[in-house]
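Given the sequences, and given the hints that come with them, work out the whole structure.
Listed here are the chains, written in short residue letters.
Protein chains: 2
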Amino acid sequence: MPRTFVIAQGGGPTAVINQTLAGAVAEIERRYPDARILGSRHGVRGIRDGDYVDFSDVPPERMRAIGRTPGAALGSTRDKPDAAYCELVLKGLQKVGADAFIYIGGNDTAGTQQILSDAAGGAIAFVHAPKTIDNDLVENDHTPGFISAGEFVAGAFRSVDLDFRALPGVYVGIVMGRHAGFLTAAAAAWRDDEDDGPHLIYVPERPFSVPRFIDDVRSTLDKYKRCIVAVSEGVTTEDGRALVESLVPADKLERDAHGNIKLSGSDLNMAFERALAEGLPGKRARVDALGYMPRGYIGAINETDSREAYEAGVFAVDTADHGGGSVALQVENGKTVMRRVALSAVAGKTRHMPDDFLLPDANQLSAAGMAYLNRLIPEKYQIGRPFV
Amino acid sequence: MPRTFVIAQGGGPTAVINQTLAGAVAEIERRYPDARILGSRHGVRGIRDGDYVDFSDVPPERMRAIGRTPGAALGSTRDKPDAAYCELVLKGLQKVGADAFIYIGGNDTAGTQQILSDAAGGAIAFVHAPKTIDNDLVENDHTPGFISAGEFVAGAFRSVDLDFRALPGVYVGIVMGRHAGFLTAAAAAWRDDEDDGPHLIYVPERPFSVPRFIDDVRSTLDKYKRCIVAVSEGVTTEDGRALVESLVPADKLERDAHGNIKLSGSDLNMAFERALAEGLPGKRARVDALGYMPRGYIGAINETDSREAYEAGVFAVDTADHGGGSVALQVENGKTVMRRVALSAVAGKTRHMPDDFLLPDANQLSAAGMAYLNRLIPEKYQIGRPFV
Chain A
1 MPRTFVIAQG GGPTAVINQT LAGAVAEIER RYPDARILGS RHGVRGIRDG
51 DYVDFSDVPP ERMRAIGRTP GAALGSTRDK PDAAYCELVL KGLQKVGADA
101 FIYIGGNDTA GTQQILSDAA GGAIAFVHAP KTIDNDLVEN DHTPGFISAG
151 EFVAGAFRSV DLDFRALPGV YVGIVMGRHA GFLTAAAAAW RDDEDDGPHL
201 IYVPERPFSV PRFIDDVRST LDKYKRCIVA VSEGVTTEDG RALVESLVPA
251 DKLERDAHGN IKLSGSDLNM AFERALAEGL PGKRARVDAL GYMPRGYIGA
301 INETDSREAY EAGVFAVDTA DHGGGSVALQ VENGKTVMRR VALSAVAGKT
351 RHMPDDFLLP DANQLSAAGM AYLNRLIPEK YQIGRPFV
Chain B
1 MPRTFVIAQG GGPTAVINQT LAGAVAEIER RYPDARILGS RHGVRGIRDG
51 DYVDFSDVPP ERMRAIGRTP GAALGSTRDK PDAAYCELVL KGLQKVGADA
101 FIYIGGNDTA GTQQILSDAA GGAIAFVHAP KTIDNDLVEN DHTPGFISAG
151 EFVAGAFRSV DLDFRALPGV YVGIVMGRHA GFLTAAAAAW RDDEDDGPHL
201 IYVPERPFSV PRFIDDVRST LDKYKRCIVA VSEGVTTEDG RALVESLVPA
251 DKLERDAHGN IKLSGSDLNM AFERALAEGL PGKRARVDAL GYMPRGYIGA
301 INETDSREAY EAGVFAVDTA DHGGGSVALQ VENGKTVMRR VALSAVAGKT
351 RHMPDDFLLP DANQLSAAGM AYLNRLIPEK YQIGRPFV
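Sequences listed follow chains A and B, in order. For the first sequence, our numbering gives the first residue as 1, with consecutive numbering after it. For the second sequence, our numbering gives the first residue as 1, with consecutive numbering after it.
Each hint should be verified, as a subset may be incorrect.
Remember, identical chains collapse to one label, so a pair may be satisfied in a single copy or spanning two.
[To be verified] With a straight-line cut-off of 30 Å between C-alpha atoms, the simulated BS3-like cross-links for lysine-lysine are:
| id | residue 1 | residue 2 |
| --- | --- | --- |
| 1 | LYS80 | LYS223 |
| 2 | LYS225 | LYS349 |
| 3 | LYS283 | LYS225 |
| 4 | LYS80 | LYS283 |
| 5 | LYS225 | LYS380 |
| 6 | LYS223 | LYS335 |
| 7 | LYS380 | LYS349 |
| 8 | LYS262 | LYS252 |
| 9 | LYS223 | LYS283 |
| 10 | LYS283 | LYS262 |
| 11 | LYS80 | LYS335 |
| 12 | LYS262 | LYS225 |
| 13 | LYS95 | LYS380 |
| 14 | LYS262 | LYS91 |
| 15 | LYS252 | LYS283 |
| 16 | LYS91 | LYS225 |
| 17 | LYS225 | LYS335 |
| 18 | LYS380 | LYS91 |
Everything labelled a hint here was simulated from the structure, so no lab data went into it. If you're wondering where the values come from, they're calculated on a predicted model, not measured in any experiment.
Written as C-alpha cells, this is what we have:
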C-alpha cells in the first residue's frame, strides 16, 4: 500500500519556512512516487478538523514558487495542544492512514510532536523540522529563518544609523524575541567601528534597568552625537519580570490566550518614549518596533537560509524513514550538516545567547558574538562613508 | 577665476539622495575641471557656520560608493530659515565666493532657495534639486526617493499580507506622510486581486472617521478572515484636525520646534490599538509603524530611482548654468525627462494625490491610481499562491 505523509507548519511564519515544505514534498515524491502527501491547514488544527491540501494536485512549478515565497503557505497556528487535543490529532492522523507526520516549527512544535509520538507508540513517525527567527532551538548551530531575519535586522540598523548621522538623535528599535537575544544582536552584525550604530544592545539574557539605559544613552550621545539602540521586546528587569510589566499598570497589561503578557503592543514603545522624554528632556528621540518585517520581508530572503531550509525539508523525510525525531542544523568543518536528534532533546527547551557573545561590562557584542554573526550573516553592502 | 559651487542636502534622508550629490559633483568636475566644489554639512547650517567638505579631496570611487549609500552623506537639517537666518547664509555664500548653490531637498528646501535667490538679486545661481519620499512636489510626475520608498512599502505590505494569511487577524501599518498619500497608496501597488492586502487604504486626502474605520475592518474580516490596513500618519478627521489630535488629550500632544504636532510617536499606534480593542473586542490586532525603513532601507534601493536621482544632480548643474531654478522630473512619451522650472512654481507648495486615484466609495485604489503606481513601481516578485 502506498505511504501517506502529512505535513504542517506551526508558529510564526518566516521568510523561508515554505522552502522546508517544498523540500519535504519534493523528497517524498522522489523517494516514494506513489505516496499520498497531505498538507494540513493551520498546523495540527487541520488534522483535527480534516482540512487538507492534497499535494498530488499541486504542480511542481507552483511548489517551487511557494518555496520562494515568505509566510506559511499551509497556514499556521498558535495552538499548543493539550492531551485531549492531541488525542483528536492522533485520531485524525489514523483516519487518513498517516505513516509519518512532518511538523515544521519551533520548540513548541517539537513539544507537540513529542506528546503525539509518546501517545502513538511507534505506529507513526513524528518528525520536527526546525524553523524560527529567534534562533533559540537547542542542538542547532542556527535555525532556518534566522539568517534572513538577521540580515534584515542588520540592514535595518545600518540604514537607520545612516539616517541618524544625517539628522542626529536617539533611535530605539524594538526587535522580536521573547527569551533569546540572537535576532537583536544581529543588529550589530555589520558594525565596522565604534562609531557605527547600534551603539547599545539590550537582550533578554541580561537584566534591563531604565536608569542605566538612560545613562548609557547619555554617554553615547556625548561621544557620537547620536545613539542607536537595539532592544529585544522580551527584555526583563532585575526581578525577572518583562520590562513592559514594570512600566505598565497591571490592569492595563494585555495577555494572550496562554496568559503570556503581550510584548508586541505599543506599550513598550510608549514606555521607552516616556523614559527618554523624562531622562533626556528635549532630545530628539524615535522609538520604532521593527514589527513583522524581519520574519518575512520579501526583499530580504537570504540564499543560504533558503537553501538550508529546503535541505531541512529533504532531511525531514530521511528522518521519517528512520522512525522520526528532530532535524538539527549543526556545523562541522565550517559546513552546515543535518543531524537527526531525539524530539525530547529539543522539545520545550530554549537556547539562550551564550553569555560570552556580549561584552561583560558594555551593552555590545564581544569578538565571539561578532564572529558567530559574521559567519552566518556576512556583510552584504559596501557603503560609502558619510562626511558627518 | 575658477567657479565655486556649494552643495547641500535638506530634510529627511532618502535611499537615493546621495546619488543626486554624486551626479552633481561628477557633472561639475566634467564641465569645470578647475571648479571648487564645497559640500555644506547639515544643509544651510554648514554655510552659516562655515562647515564644509572640499570635494577635490574626495576620490571618485568614494563618491560612487556614497552614491549607492542611503542617508544624506553631508548631513541634513530641519531648519527652515527665516529672513535673518537667510542673511547669514547669503553672507556665508558670498564669503566663499559661491557662483552657484545647489540644495537637494523637498518643498521647504525649494522655499529656502527662493528666499535666498530673492535676497541675492542674481549674483548667485540658486538651484533646487528634488528629493522626497512623499512624492508631493508640484511640477513633478514623481520625485527621486519615492520609487525606492514605494517599492519598500509595496513589498512590506505584500509580506505582511502573506504573514496574516497564515495567522489571521487585523494589521494596521502606519506609513510616513503628513499631507500626501502617495507612499501609503504604494502599499497596494502589487495587489493582484480583491483578496490581496492591503484591503483598506487611508490617506490624508480623505477625511478619516474611527467608527467608519471599524465598520470597514469588520466587513473586510467577514469577507477575507483577515484585514490589512495601510494608513498615513497624517490622516485627518472631518474637522481637518490630525487624527492623533482627536484621539490624544491636548496637553499630552507632542509638538516639534515648528509647533507641528508630532505624528511619528506611539500615540497614533496606541490610538489604533484602543479603537480596535473597543470596536472589535477579542480580535487579534497588530499596529506597527513602518518607521524609517521606507526612506532608506539599504536592501531596497530601486535602480530606476537611483539613476534618476543621479540625473537630477547632473541636470542641477545645467540649471545652475542657466541662472538657477528647480529641477523637475516630468514624463514625456513614457520617458522621464528633466526640466528647469521656476523656484516659485515649487516652493512651499504641496502636491496632493489626485482624487481619482482612489475609488469614490471605498478605501482602495482606482484603476488610475493603480496605473500610476504600476508604471513607477512594477511588480518585482513572483509569489506562489498560498493554500489558505
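Practice item. Please work out whether the CA atoms of LYS80 and LYS335 approach to 30 Å or closer within one copy, between two copies, in both situations, or in neither? Key: neither (34 Å within a copy, 56 Å between copies)
Practice item. Using 30 Å as the alpha carbon limit, work out where LYS80 and LYS283 are close: within a copy, between copies, both or neither. Key: between (44 Å within a copy, 19 Å between copies)
Practice item. Can you give me the call for LYS262 and LYS252, within, between, both or neither, at a CA distance of at most 30 Å? Key: both (11 Å within a copy, 25 Å between copies)
Review point. When no copy is specified for LYS95 and LYS380, does a C-alpha distance of 30 Å or less occur within a copy, between copies, both, or neither?
Key: So LYS95 and LYS380 fail the 30 Å test inside a copy (49 Å) and across (43 Å) alike.
Practice item. Could you figure out if LYS80 and LYS223 sit no more than 30 Å apart (CA to CA) within one copy, between two copies, both or neither? Key: between (48 Å within a copy, 27 Å between copies)
Check your understanding: Can you tell me if LYS380 and LYS349 fall within 30 Å by alpha carbon in one copy, between copies, both or neither?
Key -> neither (32 Å within a copy, 39 Å between copies)
Review point. Which holds for LYS262 with LYS91 at a C-alpha limit of 30 Å: within a copy, between copies, both or neither?
Key: Neither way: LYS262 and LYS91 sit 33 Å apart in one copy and 56 Å across, limit 30 Å.
Point to revise | Alpha-carbon proximity context of LYS262 and LYS225, limit 30 Å | key: For LYS262 and LYS225, the Cα distance is within 30 Å only across copies (22 Å; inside one copy 34 Å).
Point to revise | Intra- versus inter-copy proximity for LYS283 and LYS252 (alpha-carbon distance at most 30 Å) | key: Intra 28 Å, inter 17 Å, cutoff 30 Å: intra and inter.
Practice item. Up to 30 Å between alpha-carbons, please classify LYS283 paired with LYS225: within, between, both or neither. Key: Answer is within; shortest intra-copy Cα gap is 11 Å, inter-copy 43 Å.
Review point. From the Cα coordinates, with 30 Å as the cut-off, is the pair LYS223 and LYS283 best called within, between, both, or neither?
Key: Within one copy, since 15 Å is at most 30 Å while 46 Å is not.
Review point. How do LYS225 and LYS380 come out at 30 Å by Cα distance, when the copy is not named: within, between, both, or neither?
Key: Within one copy only: 27 Å inside a chain, 38 Å across chains, cut-off 30 Å.
This entry does not satisfy hints 2, 6, 7, 11, 13, 14, 17 and 18, going by the numbered hints stated previously.
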